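Trainee: Below are the chains, spelled out letter by letter.
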Amino acid sequence: MADILCVEDLSVFVGSFRLKNISFRVSEDEVFVILGPSGAGKTLLLETIAGFHKVTGGRILICGKDVTRAPPYRRGLSLIFQDYALFPHLTVRENILFGTRYRSGVHISENLSHLTNLLEIQGLLDRMPATLSGGEAQRVALARALLCQPKVLLSDEPFTALDAPMRQKLRAQFLQTIRGLKQAVLFVTHDRNEAYQLATKVAVMDDGRILQIGGKEEIFYKPQSTDIAEFLGVETLLEGVVEEHKDGLLKIRVGDSIISALGERRVGEKVTLCLRADRVSLEMDEDAARSTIRNRFNGVVREIHTEGPVAYVIVDCGFKVTAAVTRLSVEELGIKENSTVFLSFKATSIHTF
Amino acid sequence: MVKKGNWFFLLFGFLGGVLLLFIILPFVTLCSNQSLENLVTVVQEESVLLAFLNSFILAAIASFLAILFGTPLAYLLSRRMVPISGFWHAIVDLPLAVPHSIVGIALLFFLGGNSIFGALFNNIFRFGFVGTRIAIVAAMLFVSLPYAVNAAKEAFDRISVRIEQVAASLGAPPASVFFRVSLPLAKGGISSGAILTWARAVSEFGAVVVLAYHPMTAPVKIWDEFTTGTLERAGAIAVIFLFLCLSVFIVLRLLLRKQKNG
Amino acid sequence: MLRGIITTIGILVCLLLFFIAGCVDSAREKLYVFHAGSLAQPLAEIEKLFEEKYPDIDVLREVSGSYEAVKKISELGRYCDVIISADYSLIEQLLVPNFCDWQIKFATNSMVLAYTKTSKYADLINANNWFEILQKDDVEWGHSNPNADPCGYRALLVMKLAEIHYKIPGLYDKLVSKRRIKNIREKETELVPLLKSGELDYTFLYRSMALQYGFKFVDLPYEIDLSRAEYADRYAMAELKLKDGTVQKGIPIVYGVSVPNNAPNKRMALEFVRFLLIEGATVFERFGQPFLKKPIVYGQGKLPDEMKSLPFYKEEREK
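Order-wise, the sequence lines are chains A, B and C. Residue numbers for the first sequence follow numbering that gives the first Met the number 0, beginning at 0 and rising by one. Residue numbers for the second sequence follow numbering that gives the first Met the number 0, beginning at 0 and rising by one. Residue numbers for the third sequence follow numbering that gives the first Met the number 0, beginning at 0 and rising by one.
One should not assume that every hint holds.
Stated by the list, open to error - With a straight-line Cα cutoff of 20 Å, these simulated SDA-like cross-link-like pairs (lysine to any residue) come out:
(1) C:K29 / B:H213
(2) C:K71 / B:I101
(3) B:K257 / A:M127
(4) B:K257 / C:G9
(5) C:K177 / C:N127
(6) B:K186 / A:K335
(7) B:K259 / A:H88
(8) C:K70 / B:S100
(9) C:K70 / B:S114
(10) B:K186 / A:H88
(11) C:K71 / B:I115
(12) B:K259 / A:L89
(13) A:K335 / A:I292
FYI, nobody ran anything at the bench for these hints, they're computed from the structure. Please read these numbers as outputs of a predicted model, since none were measured by experiment.
Model the full assembly from the supplied sequences, consistent with the hints where possible.
Mentor: Printed below as a string of structure tokens:
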């Protein structure tokens with residue numbers, strides 16, 4: 000697949016904000032998510048790619064063309080924002096059709112009905128933006144951005160201002176729409192769940208730098224530093240020392256226990272282990288745990304907290320591990336604080352760095 | 000309205016009322032001192048009507064020019080597209096702080112017969128700049144342009160930059176962004192500023208009288224009558240002028256409100 | 000869209016009216032006359048008569064203190080066709096020779112103390128006690144600005160001459176100390192409404208103006224009222240230094256008229272002066288301001304030919 004957007008070694012200074020040596024590529028039909036905390040510089044990056052800031056170093060290429068010095072109106076990109084930024088003095092229809100004046104060869108009426116049907120906003124076309132709800136407004140903004148078939152759709156946390164049910168609905172609709180159009184998207188967010196739901200590729204960003212880029216699974220299950228891991232919500236992080244290394248299998252000492260993992264590391268190397276809670280099995284009964292799994296420990300439940308339908312159970316096995324269990328299971332198995340439980344997790348579930 | 004027993008709003012109402020009375024009472028006194036027959040006589044005089052016409056139309060022209068040149072400047076200042084924009088903004092506000100007669104004298108020195116500019120004007124157009132309607136418009140423009148620029152700038156300030164950015168990203172070059180997005184959204188503020196600009200221009204005396212005693216605008220005519228000792232006539236002309244200005248003001252404001260809501 | 004069209008049409012109509020109004024006015028030739036405030040009433044009448052005789056001429060008068068009028072020409076670079084000063088010496092000192100070559104002195108006046116029947120001590124005041132009444136604390140009196148208006152410095156000279164005439168040393172300083180700054184106005188005509196409304200009890204004014212505006216007045220002794228040429232030596236005993244350094248000596252009040260060298264409309268300007276001197280005599284008489292029996296010419300050598308044909312003038316040696 001060809002690269003639609005190519006950012007090379009980009010550096011920007013704006014006031015006290017900076018971007019340092021940012022590099023990444025976005026292919027067509029890809030949803031590239033930039034995930035990072037507030038203040039990381041995500042919005043600045045998006046604005047720079049759109050052309051609103053002067054670049055102090057590096058290049059931006061769109062479909063192979065260097066647009067680093069090109070003005071925003073010549074880059075062929077579209078933007079959607081958290082605050083929708085609809086033109087308040089124009090109707091919904093006029094908003095959506097705004098860009099058609101500048102791009103020829105766009106089949107306006109077909110695209111318009113197709114898009115408005117897809118986003119379920121056909122009935123709103125003659126309304127004024129001030130009369131729309133948050134969800135309606137964001138869908139209009141999306142239609143406006145997509146009508147002119149931008150090379151990349153730049154999205155700056157567009158769903159953050161909406162309430163939770165609306166956010167879910169809109170994310171689903173968004174995904175459906177852009178997949179239907181095979182639209183390349185550069186999406187910025189601080190919400191890791193949103194990132195996981197929407198992304199094909201993820202770049203983790205903080206303090207003006209890209210910390211790690213990779214496919215969704217790779218990023219979420221194989222973070223490359225403690226900071227990233229914590230930001231991504233990896234529940235269990237352990238420090239250990241490699242004791243044995245044979246045929247790609249590692250035995251790592253953590254406290255008094257040995258944990259098996261896969262990887263190429265030298266003996267004596269200090270490593271950090273990552274283990275996601277959804278990769279940990281929890282049983283009340285020792286025998287119920289499958290014996291083929293290398294890592295089996297017993298421990299005492301220290302804490303349970305529930306988030307929606309999931310209960311996170313923190314177990315002390317000599318080191319602390321968090322396991323994710325459904326609330327139903329907690330009730331049925333009778334898991335309580337100070338209960339003794341049996342944990343197991345595969346060696347392949349451990350990621351080391 | 001004032002809540003019963005709520006001392007805070009009563010106090011505010013009192014203070015505001017004092018101010019309103021301060022404006023209204025002198026005018027009421029002025030009006031009540033006029034005799035009806037005096038008013039009727041004066042309003043039919045050609046020189047008086049001509050003075051009114053001069054004032055209203057020349058002020059309108061000055062306002063038009065203020066807006067034509069001031070709106071682009073306001074846009075540049077609002078979007079910080081000029082270096083040290085704070086400094087230039089202060090320059091724009093300068094006419095507000097300068098005593099009016101000094102404005103007149105400064106313009107006289109700059110454009111009068113002895114100056115380079117004035118002599119050039121003289122040679123090209125074969126008439127002096129001083130004592131013409133053009134000079135009056137210049138004086139009016141000078142003192143009223145801060146109102147036009149400030150109103151436009153505030154109107155542009157209220158437009159979020161995001162909206163302009165979106166327009167640009169959709170393919171609109173800067174001129175398009177201005178005419179399709181920024182200007183329509185700023186129109187209300189600019190129009191409101193235009194009314195203030197006109198009001199300021201129409202009431203200008205100190206600068207106008209130095210540059211152009213003739214042709215007479217209404218304030219100059221009133222002053223002329225006053226200083227040649229016919230105070231009653233001066234008062235009569237003043238009262239009529241006042242009512243005319245008030246009427247224009249009210250009509251313009253109503254039109255503006257209709258435009259905003261309609 | 001429609002609004003845009005309406006606005007544009009409105010603007011075009013305005014501009015059109017502007018030019019029309021300009022054209023209507025400039026169909027007539029303009030004649031600019033700078034003159035003293037005290038001549039406002041008689042000159043308004045003369046303007047009317049002149050425009051009746053010459054309908055194509057528009058006389059545009061600018062009223063100010065004579066000093067200010069002269070300075071407009073000498074310092075601000077303003078152009079005018081005719082300048083009439085309440086004090087001929089101003090034209091002589093400040094406009095000759097750079098701006099004017101000649102001057103015709105044509106009318107006189109005298110200083111009086113004007114008042115109304117509601118002024119304090121109105122029934123008591125006369126030529127012998129006015130200076131005592133002015134010193135009373137409850138009396139408000141004033142005069143015009145000596146630095147802008149001859150009527151102002153003449154008032155002060157009258158007070159200086161009074162000190163000499165009534166033989167009261169220190170009278171001038173006493174009077175000045177009793178005069179309040181707020182009662183000094185830019186030109187003599189501004190004192191008129193103040194006196195009428197009762198803001199002032201007394202003001203120094205020209206006799207002609209007192210008559211024109213219907214005030215009562217105290218006729219001051221000839222020795223001090225600056226009206227008689229015979230007393231010129233007496234008048235010269237008083238001297239006043241103005242803010243810009245010039246010194247005004249006491250001289251009889253004589254009005255002067257001139258046409259500056261750079262007058263835009265010289266032909267009609269000279270005609271206006273002619274009109275003023277001949278037909279104007281009766282008008283001025285009616286307004287209580289008598290002309291000199293014979294106008295006196297200063298700078299006669301440079302007098303334009305049109306002026307030379309006037310029925311009477313007397314030569315005067317150039318200073």
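Trainee: Hints broken by the structure, by number, lowest first?
Mentor: 6 and 13
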